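Participant: Residues per chain, in single letters:
2 protein chains.
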Amino acid sequence: MSDAHAARRERLSEYCSAGGADAALITRPANVRYLTGCAPCGATLLLTRERALLVLPAELPPDDTGEHPYAADLPRLTAAPDQDTAEAAAEAAARFHVADLAVEEHDLTVSRHRALAAPAAGVRLLDLGRAVERLRVVKDEQELGELRIAAEIGDQALGELLESILVGRTERHLAMELERRMIDHGADRAGYPVSVGTGSHSGRGSHQPTDRRVEEGDFLTVSLGAQYRGYSVRTTRTFVIGAAPAAWQVELHRLVFEAQRAGREALAPGVLTSAPDRAAREVLRAGGHEEQPPRPFGHGVGLEVREAPQLGPAEMGKLDNRVPVTVGPGVHLPGRGGVRIEDTLVVRPLEEGGPELLTITTKELLAL
Amino acid sequence: MSDAHAARRERLSEYCSAGGADAALITRPANVRYLTGCAPCGATLLLTRERALLVLPAELPPDDTGEHPYAADLPRLTAAPDQDTAEAAAEAAARFHVADLAVEEHDLTVSRHRALAAPAAGVRLLDLGRAVERLRVVKDEQELGELRIAAEIGDQALGELLESILVGRTERHLAMELERRMIDHGADRAGYPVSVGTGSHSGRGSHQPTDRRVEEGDFLTVSLGAQYRGYSVRTTRTFVIGAAPAAWQVELHRLVFEAQRAGREALAPGVLTSAPDRAAREVLRAGGHEEQPPRPFGHGVGLEVREAPQLGPAEMGKLDNRVPVTVGPGVHLPGRGGVRIEDTLVVRPLEEGGPELLTITTKELLAL
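In the order they appear, the protein sequences are chains A and B.
With the first letter of the first sequence counted as 1, position 188 gets the number 188 in this note's numbering; the numbers rise by one all the way through.
With the first letter of the second sequence counted as 1, position 320 gets the number 1320 in this note's numbering; the numbers rise by one all the way through.
Don't read these hints as lab results, they were simulated from the structure.
All values reported here derive from a predicted model rather than from experimental measurement.
Glycine is no exception: its CB is placed at the ideal position from the N, C-alpha and C atoms.
Some residues of chain B that are not near chain A, with every Cβ distance over 12 Å (derived):
hint	residue
1	1037
2	1049
3	1053
4	1077
5	1124
6	1152
7	1168
8	1243
9	1257
10	1285
11	1288
12	1350
13	1365
If you want the footprint, here are the derived chain A segments under chain B, 3+ residues with CB under 8 Å:
hint	stretch
14	113-127
15	174-187
Here chain A stands alone, though its shape is the one from the complex:
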């Protein structure tokens, strides 16, 4: 495990050197975790050509054994009480005679950045940009393993829900129940707030659960994802409550199902990141549904539940082997409800079987 982290730090160091920086200051939590295997709140990682130094906040309590459970193999420094760990790291950089220090300008506030000037006097501050986010896009086998388990946990929680009585229960209670079940099945936590939308709330891209109760005849859209060892996936399914879905419900579900399938089938290494979204969107448009403004139907997942690459109609990158992404189109008819279906899949070449589906709960329009 620590070899993987050391290798990632090595790749980042090489990137920095190529860009003219002799060190990097990493502050974004998911990036610190990616490079060290641990994620204490407020920590900063200083990475020079010669060494890596993890700077911890003063207030961090040790665990019961009196030891720090963090990166036992990495040199550590504790910041002064109330000191920003980025400042302490910048001081260390100056001590190590760093000349050009690349920082994460998309993470540091203007105030924090200004505060680096004094401790890092003599050190020139450059922008690292999203270099670590780019490193994170292609996952290694360990990471894919963790994503598979996260997906399994979500599927288990969803499966249990499908066997229980839903009519009369509120969206909020169902959401809390799903979260509890994911944790019971081994999740660190929910990867993002569980969404349950019933009736006219169904089919929405984002919906905060309310006290509305599930009723016969409703569409029910459930969106959840477990976080396992820091890695999160997403699943969204739409069901119908009661024995006999209406014709418009069967038709809308079929359309969204076909759109989502077109999106999934467009996934392959080398393909434009806009292709899955466009494929799904074309099916919906042919069925008379066009979303304005268009909201991207997918994105990468990993240590952040939403990360690069974005899978939207205007994107200009390419997909790679071993990149996990979501594909989640939907149609929402205000006042009526709708259908959203979302999977997490790993991009794989055709000779390896095509995209690997992680979230395997059935996508059929189950009548519950």
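Starting from the known structure of chain A, arrange chain B on it as the hints suggest.
Facilitator: Below, chain B without anything else, positioned relative to chain A:
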């Protein structure tokens, strides 16, 4: 309600003028909410001498009625798809011929700040600093009412827990149960993650619930707070499990109880913000317990569960009437556990009865 928000915007405008800025760009979510009454994710408020303009992200969905539930009385602008609302607001500022625009440098990342340069060409960017945070410190009656309800909700959840069986249940399950009960009693959500620590996990300032089960003889520390209409409070209580607490447990609880009482009794308008912490810390020190490094025993609460003022030993401000704060000292003995007791109180002058206690669950060492 909207009069209160308009009055707050007026005060901020005056502050800006006094500081040489003719407009302010507010991005920090709690501050946008404080000034407008609403808090759509990613919104920016532009406040000039003549007008207030709320800039919403393009992707914001309307609710079922097709209307925006946000600040119906405030002029609104929707940013372009994928556009940072701060950029759209900066463009508007340029259109309104703003000369000096004060921005929240403690909120905007370096990247976002840089991105304002082009749309706001010709506009000089200044730092607003924590002006809105300072305005938020003293609460009006509406806010105090919301804090009282939040406190009541937490007390209800805690009270119900105390009547249930605890032995054999895990910290995580108890935490999830408490969160569910707070929501059932009307909370928007938990103000912060519920903390339950049993046995050697008890008494810690921050503890993430684990799968450890409650056992006879354990100290049990519970920390929770409901968020109601955006406003959050904090309560922490320590109990003992089983009929007969050990002598060391009775003694430690008495010590922390006395320390916390000294802290509460030190609250008054005009008093230094360091005074309550010092009073509590002195009692603990006399009892043989000195925390190194010292972690502040309290802080303000409001739209953010931790906000100004900080109540720590090195603070240099003064308390004011109608400022709600926490007072929460504790002692944790690694490997053994400990006691933490925390209340939320509103600072009031003696002639109005002294500090108003919001969190009224008993602080006695109940044997459960």
